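Visitor: For the sequence shown, the numbering used here gives the first residue as 1305, with consecutive numbering after it.
Take the hints with a grain of salt, since some may be wrong.
To be verified - Heads up, simulated SDA-like pairs for lysine to any residue below, C-alpha to C-alpha not over 20 angstroms straight-line:
id, residue 1, residue 2
1, Lys1407, Val1385
2, Lys1318, Gly1375
3, Lys1407, Lys1318
4, Lys1332, Gln1361
5, Lys1318, Gln1383
6, Lys1318, Val1385
7, Lys1407, Gly1379
8, Lys1407, Pro1356
9, Lys1332, Glu1364
10, Lys1332, Pro1315
11, Lys1332, Met1400
12, Lys1407, Tyr1378
13, Lys1332, Val1310
14, Lys1318, Gly1366
15, Lys1332, Ser1365
16, Lys1332, Ala1392
17, Lys1407, Leu1314
18, Lys1332, Asn1409
Stated by the list, open to error - Derived DEER-like restraints, expressed as beta-carbon distance ranges:
id, residue 1, residue 2, range
19, Pro1381, Arg1344, 16 to 26 angstroms
20, Gly1317, Pro1381, 41 to 51 angstroms
21, Arg1341, Ser1313, 19 to 29 angstroms
22, Arg1322, Ala1406, 14 to 24 angstroms
Derived from the structure by calculation, the hints contain no laboratory data. Predicted model only: the values in this text are computed from it and were never measured. For glycine and all other residues, C-beta sits at the position ideal for the given N, C-alpha and C.
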Amino acid sequence: MPEARVEMSLPLGKLRVRPEVLVRIASKAVEQMEGVRLWRPRGLASVFGGEPGVEVQSTESGALEVNVRIGVMYGYPVQEVAQGVQQAVREALEGMVGVRVAKVNVYVQEVFLPEVEVETGENV
């Protein structure tokens, strides 16, 4: 599937949106959700080309297809989180750019534990 390209005519000219902008919009939509984080390749996967957290591609009809790789915090219902990610990404892209989103595929790459603050007992 080709890289995402958004190009449309407006009353006074054209609008072109770079693929990186689409990825950023989708990424921010996920980052604002509770109990989820974008998956980033770590260790050897980051060195040898692990997949990024968000990919956006164009379909033949001109709609977008988005692949999102996430981690879900332990204790959160995975199916509900995935559906929330799909909805948030679709609403962000359609609302901000005005382009139809055909699919949002969610791949759960990890389950992570919540970070716990440790008190040292020292007064600073």
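Visitor: Starting from lysine 1407, check that the Cα of tyrosine 1378 is at most 20 angstroms away, please.
Guide: Since the Cα atoms of lysine 1407 and tyrosine 1378 sit roughly 26 angstroms apart, the hinted pair is violated (cutoff 20 angstroms).
Visitor: Should the hint that proline 1381 and arginine 1344 are 16 to 26 angstroms apart at their CB atoms be regarded as holding?
Guide: Since proline 1381 and arginine 1344 have Cβ atoms about 23 angstroms apart, the given range 16 to 26 angstroms holds.
Visitor: Sort out whether glycine 1366 lies within 20 angstroms of lysine 1318, counting only the CA atoms.
Guide: Measuring from Cα to Cα gives roughly 16 angstroms; hence the hint holds.
Visitor: Within 20 angstroms, alpha carbon to alpha carbon, are lysine 1318 and glycine 1375?
Guide: Roughly 37 angstroms between the alpha carbons, so the hint for lysine 1318 and glycine 1375 is violated.
Visitor: Is 41 to 51 angstroms right for how far apart the beta carbons of glycine 1317 and proline 1381 are?
Guide: About 46 angstroms separates the Cβ atoms of glycine 1317 and proline 1381, which means 41 to 51 angstroms holds.
Visitor: If you check the beta carbons of arginine 1341 and serine 1313, does the distance land in 19 to 29 angstroms?
Guide: Because 38 angstroms falls outside the window, the suggested range is violated.
Visitor: Check the following: the C-beta atoms of arginine 1322 and alanine 1406 are separated by a distance inside 14 to 24 angstroms.
Guide: Holds, since arginine 1322 and alanine 1406 (Cβ atoms, about 20 angstroms apart) stay within the stated range.
Visitor: Are the Cα atoms of lysine 1332 and glutamate 1364 separated by 20 angstroms or less?
Guide: Violated: lysine 1332 and glutamate 1364 sit about 26 angstroms apart, past 20 angstroms.
Visitor: Are the Cα atoms of lysine 1332 and valine 1310 separated by 20 angstroms or less?
Guide: holds (19 angstroms)
Visitor: So if I understand the rule, the pair passes when the alpha-carbon distance is 20 angstroms or less; does lysine 1332 with glutamine 1361 pass?
Guide: holds (17 angstroms)
Visitor: Is lysine 1332 close enough to serine 1365, meaning Cα to Cα at most 20 angstroms?
Guide: Violated, because 25 angstroms separates the two Cα atoms, which is more than 20 angstroms.
Visitor: Verify the proposed pairing of lysine 1318 with glutamine 1383, using a straight-line Cα cut of 20 angstroms.
Guide: Violated, at about 39 angstroms.
Consistency with the previously given hints fails for numbers 2, 3, 5, 6, 7, 9, 10, 12, 15, 17, 21, ordered from lowest to highest.
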